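Enquirer: Sequence:
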Amino acid sequence: MLHSVNSNNNNNIIKLNIGGFKYITTRETLILNSSFFNGLLNSDCGTVIDSKGYYFIDRDGELFSPILSFMRTGTFTLPYRMSLNNVYREVDFYGVDRLSALIQHKINISNITSVAGGIYFISKLPLTSNNNNIIINNSNNNNRKILHAVIKANIMALYFNDGYLEIWMQV
Numbered sequence: 001m002l003h004s005v006n007s008n009n010n011n012n013i014i015k016l017n018i019g020g021f022k023y024i025t026t027r028e029t030l031i032l033n034s035s036f037f038n039g040l041l042n043s044d045c046g047t048v049i050d051s052k053g054y055y056f057i058d059r060d061g062e063l064f065s066p067i068l069s070f071m072r073t074g075t076f077t078l079p080y081r082m083s084l085n086n087v088y089r090e091v092d093f094y095g096v097d098r099l100s101a102l103i104q105h106k107i108n109i110s111n112i113t114s115v116a117g118g119i120y121f122i123s124k125l126p127l128t129s130n131n132n133n134i135i136i137n138n139s140n141n142n143n144r145k146i147l148h149a150v151i152k153a154n155i156m157a158l159y160f161n162d163g164y165l166e167i168w169m170q171v
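The sequence shown begins at 1 in UniProt numbering and counts up by one.
Everything labelled a hint here was simulated from the structure, so no lab data went into it. Hints are supplied without guarantee of correctness; some may be wrong.
As the list claims (entries may be wrong) - Dumping the calculated EDC-like pairs for lysine to aspartate or glutamate here, alpha-carbon to alpha-carbon at most 16 Å:
{"id": "1", "residue 1": "K22", "residue 2": "D50"}
{"id": "2", "residue 1": "K106", "residue 2": "D92"}
{"id": "3", "residue 1": "K15", "residue 2": "E28"}
Unchecked claim - Here are the computed distance ranges between Cβ atoms for each label pair:
{"id": "4", "residue 1": "D58", "residue 2": "L84", "range": "20 to 26 Å"}
{"id": "5", "residue 1": "R72", "residue 2": "I107", "range": "21 to 27 Å"}
{"id": "6", "residue 1": "E166", "residue 2": "K52", "range": "16 to 22 Å"}
{"id": "7", "residue 1": "A101", "residue 2": "A153", "range": "18 to 24 Å"}
{"id": "8", "residue 1": "M82", "residue 2": "N154", "range": "20 to 26 Å"}
Treat the numbers as computed from the prediction; the structure is a model and nothing was measured. A virtual CB, placed ideally from N, CA and C, is assigned to each residue, including glycine.
Hey, can you work out the whole structure from these sequences and the hints?
Expert: See below:
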């Protein structure tokens with residue numbers, strides 16, 4: 001049985017039934033991270049909940065799990081069985097702007113041409129310098145010197161004697 005809840009209910013524990021998947025979280029987690037839930041929980045329009053107090057939302061409940069996890073922790077992990085594009089569609093529906101920007105960035109990076117084994121070339125920028133250090137061979141069999149190399153997490157930047165900076169990322 002479904003009934004209407006008025007917007008003056010200030011209960012801090014929110015129970016959600018999203019496409020048959022049940023979630024329990026705090027009001028603050030939802031309204032601080034999602035324009036959809038901010039509107040749902042703070043508007044004067046009636047909201048339909050079931051007899052057990054669950055707000056019913058007719059969306060894909062499985063795809064909501066990593067979204068709620070992001071709203072709780074600020075970190076996003078895509079479960080192996082889920083499509084990033086499908087999660088992105090749900091993120092857009094719920095209005096989770098920070099996660100939307102993060103996923104859009106990841107989608108843009110994945111569109112960069114793959115060099116090999118999940119390593120992507122990001123950019124090559126002309127620069128100048130007079131220092132000399134390590135010598136490597138490039139594909140043209142000309143000696144090329146690396147003047148500086150910086151590796152941080154999954155990003156590597158190489159500064160060469162021919163005035164170029166190459167940036168590589170492993171994803």
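Enquirer: Looking back at the hints listed earlier, which ones does the structure fail to meet?
Expert: The structure conflicts with hint 6 only, although it agrees with all the remaining ones.
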